[in-house]
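Let the hints inform the model, and build the full structure from the sequences given.
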Amino acid sequence: MRMQEKEFNLLKEPWIRVITPSLESKEVSLTEALVHAHEYVDLSGEMPTQDAAMLRILLAVAVTVFYRYDIYGEEAELSEENGSDPEDVLERWEEYWKMGRFPEQAVQDYLEAYEERFWLFHPKTPFWQVADLQYGTNYGVECLFGNIKESMNKATRHHFSMTDGEEMYRLNYGEAARWLVHLNAYAINLKTDKNAPGTTLPVGTGRLGQLGFVMVNGGNLFQILMLNLCALDSNEELWNPPKPFWEQEVCGEQSRKINPPDNLPERYTLQSRRIMLKRDSSGNLTGFRALGGDFFEIENDSGEPMTIWKEKQVDKKTGEELPLRPQLHSPAVHAWREFPALFSAKSSSKKEETLPGVVRWVNTLCGERMLSADFFITFRMIGMVYGDQMKYNYGDCVNDTLTLSAKLLDELNRSERAWITRISDQIEKCQAVAGNALNHFAYKVCKLFYGNGSAKNGIKDHLIRQYYFSIDAPFREWLAGIDPTQMSIDETCAKWERQSSRYARRTVEDYIATLGTDLYIYREDDSRGSKAGILSIPKIMNEYLAELNIIYVQTENTP
Numbered sequence: 001m002r003m004q005e006k007e008f009n010l011l012k013e014p015w016i017r018v019i020t021p022s023l024e025s026k027e028v029s030l031t032e033a034l035v036h037a038h039e040y041v042d043l044s045g046e047m048p049t050q051d052a053a054m055l056r057i058l059l060a061v062a063v064t065v066f067y068r069y070d071i072y073g074e075e076a077e078l079s080e081e082n083g084s085d086p087e088d089v090l091e092r093w094e095e096y097w098k099m100g101r102f103p104e105q106a107v108q109d110y111l112e113a114y115e116e117r118f119w120l121f122h123p124k125t126p127f128w129q130v131a132d133l134q135y136g137t138n139y140g141v142e143c144l145f146g147n148i149k150e151s152m153n154k155a156t157r158h159h160f161s162m163t164d165g166e167e168m169y170r171l172n173y174g175e176a177a178r179w180l181v182h183l184n185a186y187a188i189n190l191k192t193d194k195n196a197p198g199t200t201l202p203v204g205t206g207r208l209g210q211l212g213f214v215m216v217n218g219g220n221l222f223q224i225l226m227l228n229l230c231a232l233d234s235n236e237e238l239w240n241p242p243k244p245f246w247e248q249e250v251c252g253e254q255s256r257k258i259n260p261p262d263n264l265p266e267r268y269t270l271q272s273r274r275i276m277l278k279r280d281s282s283g284n285l286t287g288f289r290a291l292g293g294d295f296f297e298i299e300n301d302s303g304e305p306m307t308i309w310k311e312k313q314v315d316k317k318t319g320e321e322l323p324l325r326p327q328l329h330s331p332a333v334h335a336w337r338e339f340p341a342l343f344s345a346k347s348s349s350k351k352e353e354t355l356p357g358v359v360r361w362v363n364t365l366c367g368e369r370m371l372s373a374d375f376f377i378t379f380r381m382i383g384m385v386y387g388d389q390m391k392y393n394y395g396d397c398v399n400d401t402l403t404l405s406a407k408l409l410d411e412l413n414r415s416e417r418a419w420i421t422r423i424s425d426q427i428e429k430c431q432a433v434a435g436n437a438l439n440h441f442a443y444k445v446c447k448l449f450y451g452n453g454s455a456k457n458g459i460k461d462h463l464i465r466q467y468y469f470s471i472d473a474p475f476r477e478w479l480a481g482i483d484p485t486q487m488s489i490d491e492t493c494a495k496w497e498r499q500s501s502r503y504a505r506r507t508v509e510d511y512i513a514t515l516g517t518d519l520y521i522y523r524e525d526d527s528r529g530s531k532a533g534i535l536s537i538p539k540i541m542n543e544y545l546a547e548l549n550i551i552y553v554q555t556e557n558t559p
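Counted from 1, the sequence shown has number 293 at position 293 by full-length UniProt numbering; the numbering is strictly sequential.
Do not rely on the hints blindly, as some may be mistaken.
[Said to hold, decoys possible] With a cut-off of at most 25 Å between alpha-carbon atoms, the simulated DSS-like pairs for lysine-lysine come out as follows:
#1 K191 to K257
#2 K12 to K243
#3 K278 to K6
#4 K124 to K278
#5 K317 to K124
#6 K124 to K312
#7 K495 to K407
#8 K124 to K6
#9 K194 to K243
#10 K278 to K194
#11 K278 to K12
#12 K194 to K391
[Claimed, not checked] The following label-pair restraints were derived from C-beta to C-beta distances:
#13 D85 to E24: 53 to 63 Å
#14 G516 to F469: 17 to 27 Å
#15 G533 to D510: 21 to 31 Å
For the record, the hints were derived by calculation from the structure and aren't laboratory data. All figures in this text were calculated on a predicted structure; none of them were measured in a lab. Built from N, CA and C at the ideal position, the CB exists for glycine as well.
In structure tokens form, the structure reads like this:
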């Protein structure tokens, strides 16, 4: 049977999409992607979540090679058993960084040793799959795509895809391999099979679908991998020896709860789903079978370096700290609004457990002066928003960036962390404009024109969208331009407050201009808690400006 034959080796066949310096997209093998990483600008998958999933596969190989080989391609394992310490890890990282590429022979030697595990189709060990999987849910080939929004209502089943019609049903093996990686990372929820060996515990979505994924961009793919290497753990100690899935026995057990991996390659190659790709006698893909795979607790997972975390919370009844959970991204929230979570603004030190591992890692590199002072760091947030509450289909994809200078990031090494705190304060003030001032303005306008607050939310949402849209680019520019070594923190923040206040005022002025009505129309104000009087546009505007003056105490609200 063709299904059982070895075919399409991922170490030799092109399947990973990258961007060349001429900004063209091309497909390369896994070996090429790493050996020539310095020659490629970035990954170029069908969607950002596919790039995030692919990055974790590349990192699994990169971390393993880094821990086992020096820059000359000689075996020189970094481990506590060999007497290695964090300084040895940082020294090797700097050597790799200065060399500007991965040691070619080391990458080839390592991958060739496990070549048998990288066949997309194989009678015993197909890549990231379970051969002859007998249990689970059967899916059509169209369900392999992560960029399809599909209704699960059988009576009205339909889907929307970025992939053209019949192309969904004619995947080549390179596409199938990319979407297989994406499926393991962001798979939708699935029902357990009561007849399958193992437990019937719910495993949730793919692991990356449960994270507020964050990574660091770089000038090329090699730099991206090195800046996200996170070669030290959350305690700034060595990780345990690498153990990616291709170095382990294949497991077909359903819903296997495991201990959190103690090394990054094992974590990055977690088999969230037991999968078997299916094809016909002609070699055409016809679909796949999936079963719940390995999982572990998402809470208090200090070993995960590529997520932002929710602020620590306390149970109101018991006073006990609640478990830490990842902060998922929202399409409605710009990346800069996640600054406080990204830099753990409410904590007192960079070792605080809510600081994302990639932030801690790049900050360590800055602190060790391994990155130049004029280096600009761009954090990229990627996420999948599932299409329904039960997460049985795909929804929107989140993809946003935040850029700042290495000098500002170095503030994490200071005990007072003044700049981090003040920037977070400015974001909170922007949120106060949106959540309080604009909310109150919307309510009063609604009362004026409709006599009640029934339409308030529509007006409020419109104003908030406009306000955040207007300050988005200016805030990013302001943040990227901050140099703590040359600038006054008070003057810098005051400059932004003047900008934000102007945009806040302009937002409501533009809205009023679109009303096309008599500005002096009035109505009796019978709002609960209001003093007897009338409602009018001038009065509502004055109240709004007064609220802005409370938020921006020393800022004059002038156009």
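Here is how each hint holds up against the structure:
1. K191 to K257: holds, 16 Å
2. K12 to K243: holds, 22 Å
3. K278 to K6: holds, 13 Å
4. K124 to K278: Distance of about 14 Å is within 25 Å: holds.
5. K317 to K124: Not OK: K317 and K124 at ~53 Å, beyond 25 Å, violated.
6. K124 to K312: Since the Cα atoms of K124 and K312 sit roughly 46 Å apart, the hinted pair is violated (cutoff 25 Å).
7. K495 to K407: holds, 20 Å
8. K124 to K6: holds, 9 Å
9. K194 to K243: At roughly 31 Å apart (the allowed maximum being 25 Å), K243 and K194 break the hint.
10. K278 to K194: With a Cα-Cα distance of about 22 Å, the restraint between K278 and K194 holds, given a limit of 25 Å.
11. K278 to K12: holds, 22 Å
12. K194 to K391: Between K194 and K391 the Cα gap is close to 20 Å, so the pair holds against 25 Å.
13. D85 to E24: 53 to 63 Å: violated, 44 Å
14. G516 to F469: 17 to 27 Å: holds, 22 Å
15. G533 to D510: 21 to 31 Å: Given a distance of about 26 Å, which is inside 21 to 31 Å, the answer is holds.
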